[in-house]
Amino acid sequence: MQLNRREFLKAASAAGCLASFANISYIADGAEMRPGKPVLVVVFLRGGADGLHIVGPSNNSDYIAARPPELRVTDSGARAGIAFEQRLDPASEFRFHPDAAPLADLYRAERLAILNAIGLKAGTRSHFVAQDMIERGLSDEKQLASTESGWLARSVTTIGGHISAFSANTSPVYALHGIKNVLSVPDISAGLGVPWGTATSEFLRSISLSGSSSVHRATLEALDILNVVDRGILRDDSGKIIQYRPSGQASYDGSGDLMRSLTSVVRLAKMDVGLSVACIDHGGWDTHEGQSGRMSSQLKQLSIGLTAFHEDMAASNHKVVILVMTEFGRRLRANKSGGTDHGHGGCWFVLGDGVRGGNMYGKWPGLSTQVLDQGVDLAVTTDYRAVLTETLFASNMPMKDSFPAWRPETPPLGIFANRHQ
Amino acid sequence: MKHSADLYALSRLAFGPDEVSADEIARLSLRGWLNLQLHPDDAKDAVFAERVENLKFRIKYNESKDWSAVDEMRSLRWLEAPIEKLSELADPDKPIANQEKSRPRIEVIAATLVRAVYSRWQTREVLCDFWHNHFSVNAWDNHVGIALPVYDREIIRRHALGNFREMLEAVSKSTAMLWYLNNRSSRTGAPNENYARELFELHTLGRDAYLNGIYNRWRDVPGALNGKPVGYIDQDVYEAARAFTGWGLEDGSGLGGGLKLPRTGRFIYVESWHDNYQKRILATEFDPYQPALADGLKVLDLAAFHPATARFLSKKLCVRLLSDNPPESLITSSAKVWTNNKTKPDQIARVVSHIALSKEFAQIRKAKVKRPLELVASYVRASGFNFSPTEGLISEIDASGQRLFGWPTPTGHPDAVDYWIGMNTMRRRWSLIAGLSENWWGTGVFDALAPLSSKEITAERFISYWLEQLFGDQQPQCSPALLHAAGLLPGSVINNPKQACRLVGLLAMTPEFQQC
Numbered sequence: 001m002q003l004n005r006r007e008f009l010k011a012a013s014a015a016g017c018l019a020s021f022a023n024i025s026y027i028a029d030g031a032e033m034r035p036g037k038p039v040l041v042v043v044f045l046r047g048g049a050d051g052l053h054i055v056g057p058s059n060n061s062d063y064i065a066a067r068p069p070e071l072r073v074t075d076s077g078a079r080a081g082i083a084f085e086q087r088l089d090p091a092s093e094f095r096f097h098p099d100a101a102p103l104a105d106l107y108r109a110e111r112l113a114i115l116n117a118i119g120l121k122a123g124t125r126s127h128f129v130a131q132d133m134i135e136r137g138l139s140d141e142k143q144l145a146s147t148e149s150g151w152l153a154r155s156v157t158t159i160g161g162h163i164s165a166f167s168a169n170t171s172p173v174y175a176l177h178g179i180k181n182v183l184s185v186p187d188i189s190a191g192l193g194v195p196w197g198t199a200t201s202e203f204l205r206s207i208s209l210s211g212s213s214s215v216h217r218a219t220l221e222a223l224d225i226l227n228v229v230d231r232g233i234l235r236d237d238s239g240k241i242i243q244y245r246p247s248g249q250a251s252y253d254g255s256g257d258l259m260r261s262l263t264s265v266v267r268l269a270k271m272d273v274g275l276s277v278a279c280i281d282h283g284g285w286d287t288h289e290g291q292s293g294r295m296s297s298q299l300k301q302l303s304i305g306l307t308a309f310h311e312d313m314a315a316s317n318h319k320v321v322i323l324v325m326t327e328f329g330r331r332l333r334a335n336k337s338g339g340t341d342h343g344h345g346g347c348w349f350v351l352g353d354g355v356r357g358g359n360m361y362g363k364w365p366g367l368s369t370q371v372l373d374q375g376v377d378l379a380v381t382t383d384y385r386a387v388l389t390e391t392l393f394a395s396n397m398p399m400k401d402s403f404p405a406w407r408p409e410t411p412p413l414g415i416f417a418n419r420h421q
Numbered sequence: 001m002k003h004s005a006d007l008y009a010l011s012r013l014a015f016g017p018d019e020v021s022a023d024e025i026a027r028l029s030l031r032g033w034l035n036l037q038l039h040p041d042d043a044k045d046a047v048f049a050e051r052v053e054n055l056k057f058r059i060k061y062n063e064s065k066d067w068s069a070v071d072e073m074r075s076l077r078w079l080e081a082p083i084e085k086l087s088e089l090a091d092p093d094k095p096i097a098n099q100e101k102s103r104p105r106i107e108v109i110a111a112t113l114v115r116a117v118y119s120r121w122q123t124r125e126v127l128c129d130f131w132h133n134h135f136s137v138n139a140w141d142n143h144v145g146i147a148l149p150v151y152d153r154e155i156i157r158r159h160a161l162g163n164f165r166e167m168l169e170a171v172s173k174s175t176a177m178l179w180y181l182n183n184r185s186s187r188t189g190a191p192n193e194n195y196a197r198e199l200f201e202l203h204t205l206g207r208d209a210y211l212n213g214i215y216n217r218w219r220d221v222p223g224a225l226n227g228k229p230v231g232y233i234d235q236d237v238y239e240a241a242r243a244f245t246g247w248g249l250e251d252g253s254g255l256g257g258g259l260k261l262p263r264t265g266r267f268i269y270v271e272s273w274h275d276n277y278q279k280r281i282l283a284t285e286f287d288p289y290q291p292a293l294a295d296g297l298k299v300l301d302l303a304a305f306h307p308a309t310a311r312f313l314s315k316k317l318c319v320r321l322l323s324d325n326p327p328e329s330l331i332t333s334s335a336k337v338w339t340n341n342k343t344k345p346d347q348i349a350r351v352v353s354h355i356a357l358s359k360e361f362a363q364i365r366k367a368k369v370k371r372p373l374e375l376v377a378s379y380v381r382a383s384g385f386n387f388s389p390t391e392g393l394i395s396e397i398d399a400s401g402q403r404l405f406g407w408p409t410p411t412g413h414p415d416a417v418d419y420w421i422g423m424n425t426m427r428r429r430w431s432l433i434a435g436l437s438e439n440w441w442g443t444g445v446f447d448a449l450a451p452l453s454s455k456e457i458t459a460e461r462f463i464s465y466w467l468e469q470l471f472g473d474q475q476p477q478c479s480p481a482l483l484h485a486a487g488l489l490p491g492s493v494i495n496n497p498k499q500a501c502r503l504v505g506l507l508a509m510t511p512e513f514q515q516c
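As given, the protein sequences belong to chains A and B, one line each in that order.
According to the working numbering, the stretch in the first sequence is residues 1 to 421, in order.
According to the working numbering, the stretch in the second sequence is residues 1 to 516, in order.
A few of these clues could be false.
Under the rule of at most 30 Å between Cα atoms (straight-line distance), these lysine-lysine pairs were calculated in the DSSO-like manner [to be verified]: (1) Lys142(A) - Lys316(B); (2) Lys60(B) - Lys240(A); (3) Lys336(A) - Lys498(B); (4) Lys336(A) - Lys65(B); (5) Lys65(B) - Lys94(B); (6) Lys142(A) - Lys101(B); (7) Lys298(B) - Lys180(A); (8) Lys101(B) - Lys180(A); (9) Lys94(B) - Lys336(A); (10) Lys101(B) - Lys300(A); (11) Lys316(B) - Lys260(B); (12) Lys366(B) - Lys240(A); (13) Lys359(B) - Lys298(B); (14) Lys56(B) - Lys142(A); (15) Lys315(B) - Lys336(A).
Hints were generated in silico from the structure; no laboratory data involved.
Nothing here was measured: the structure is a model prediction, and the numbers come from that model.
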């Protein structure tokens, strides 16, 4: 089935998937920024996270046959997974990995939704090609060379004087490529001052205005943005930065490197600099070897980090939508290194305000050889852009040009209850 | 005054000009200088040898039940060590502090900084940096880090200007790569595909030759039916993974029947781990039951000599030495030199020479930016102060986005201007320059007044001297702005060392000094 945009919207309304979907011209014509909209936080699990080991169909015989117990979510024993309700595949009992217990709690609290068998329809099993395509919003490699902007960059409305976008990296992730004034730093907790203060800023500003190279532009942009953020960081009377204290019950202990990225987002949200989107990377998911232990520690970090961040944002009264994505899932069959190789269909998550959580979305293709992609990998039954589209819409972000080359092939998933205004 | 053509050449074929290299290139011309550089002789690198010999690096850890506390300035002891000796650090039966296990990595980083600043064989160091990123391993994993001195010395530096096919084989058998891309644990039956995939995608044919999005069946790949496929698909990865089963390490693995491999860290081929059956890789048939190693070696031949590899590597070298978008003409001609010399022992040196002496190399300037390591080394070389690397400096380079020998994925650091001018890196560029100028990390005192003999030096003369040191005959027009920013009136006398080094530091923070 191939739907054009208008049919997609009509179908969405008819299905009641997007309850407050009255303003159709919004999506068709692009939208202005509105007050009260959530911060959209995109967490990219780099390396191809093994969705089948995060939420697994524990009692499925193909699943059991393909992997040793330490590489799947089991339904018995001391490390049994955490069962949850889902309607995607009534024949299977899906469970969360035991170290994803905090995510299971969020799922039960209907804050978190699972998207399964999702990803790129294209056949690539290369991390780097897959990431490049997803971050540009493509599924055809031939368009890579001619697409010089990221899907989020095309969707975010930049406003002069605002820091609309944050990338918790040394330079912006590709999803934010193509817009100005993206704050890209791994961490803001130690401040973002410039050495030797105003002498440096003044001198570099005047020198950079006299040139036009990308380095001159980058110098100017960095001076402006770093200064805005540095002034916004809370300091005591002596000028010392006040240590960050999370709101509510949030505790980031055990979330590893995610802590500095996630708390940087909350700090920026609290600063009121106009933050609209944030991108965070979480590496270490390329588990070709020793997956049992690595998955355990990766999932602990991720679950603790996301739970703390969700609580921190809620308790400080900031709306948030968190999208957790990865470039592909991993091979159904384990290798003899105690790991799994690159696969196809993956598992994503959405959590936060307005999410119709406690559901697993998509279409479960099954794990028997005949229905596996190329006979080896979980098939992709939902194009990842279906999720990006719904997430952008729910986050009240313009999406006129977000995915110019794509038309939805399936009805909306209905991940969100309503749209933030 | 120094010619900008020479200075730009030295900013790309060396870690920037210093007195020796600037003089040498002016005397010998680029061709003569490069010819020397492409035939490095370690016996003639006395300055580096003396500095690394005298370098002491802090090591500090608390006592535990198994060891006593250590806090000392220690000489480098692992750089020349054999793998068997280094592997003792990985022995799980011996309690060893983590700081001792990470010491080989830290020593290689320290030596890399000393070489970048002081080695006479600058072009080789530039190529070592290139190959370390091309064959990237993450030495923050201690198993890899322990093997880093051997990887740096025997694999990367030995072959940096040599023959690619030989280098590829050395990498494939190296302790560092066998750990990093897991081939040491790959076994027949369900092999680990990590190495095989990155061998094609990152080390040889390149991602442009990965055609899985287009072709599901090997016969459909153009050229395949003539045994000359233009690219590879997943089936080639699967089969190549089978070919490399049995390529392992003496890492203590069990062999069955209670037997175990020793823990020397040496390469070993284990026949019983190898998948002996017939294979088809890059449209080439592999007969069953080949002699030991033959399957893997044949894959290395197919990959190293593939036309896509010639193009991929030639382009990558042009990107390193010229611009993110090098001219097609130069890529093509370099690939030709690459292929024509594919079995020569100095294949890589010939390609580098072809690129460096091309008209395109002379014409294209300022298209790249220095990465933090290059920024640091070029600033130290231009300012000429007595420099030693320290942990503090290494941390700052790390925080700037260049974690040496520690890029988390096997791609190595991106060689793209955009990555290196992100806000974090821009800010850290300034702090690297400020920190070196004011000796924040104990790297050495920079006395910017020392080279100027006169006591009564005006700000204008001071700035003009340092502009020439940093930029030669192509200087940014920044003298008035600098005076203004520093609150100096025209004609002011510069005699405060702190003010002096800040003025030079500000010049090195300009966009112009970042470019190369």
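Against the structure, the hints come out as follows:
1. Lys142(A) - Lys316(B): Satisfied, since the Cα-Cα distance of roughly 21 Å is no more than 30 Å.
2. Lys60(B) - Lys240(A): holds, 28 Å
3. Lys336(A) - Lys498(B): violated, 61 Å
4. Lys336(A) - Lys65(B): This hinted pair is violated, its Cα atoms lying about 36 Å apart.
5. Lys65(B) - Lys94(B): Holds, at roughly 13 Å.
6. Lys142(A) - Lys101(B): violated, 46 Å
7. Lys298(B) - Lys180(A): violated, 49 Å
8. Lys101(B) - Lys180(A): violated, 43 Å
9. Lys94(B) - Lys336(A): holds, 28 Å
10. Lys101(B) - Lys300(A): holds, 26 Å
11. Lys316(B) - Lys260(B): violated, 42 Å
12. Lys366(B) - Lys240(A): Cα-Cα ~40 Å, so violated.
13. Lys359(B) - Lys298(B): violated, 38 Å
14. Lys56(B) - Lys142(A): Violated, because 53 Å separates the two Cα atoms, which is more than 30 Å.
15. Lys315(B) - Lys336(A): Given pair Lys315(B), Lys336(A) is violated - Cα atoms ~36 Å apart, limit 30 Å.
Consistency note: the structure conflicts with the earlier hints numbered 3, 4, 6, 7, 8, 11, 12, 13, 14, 15.
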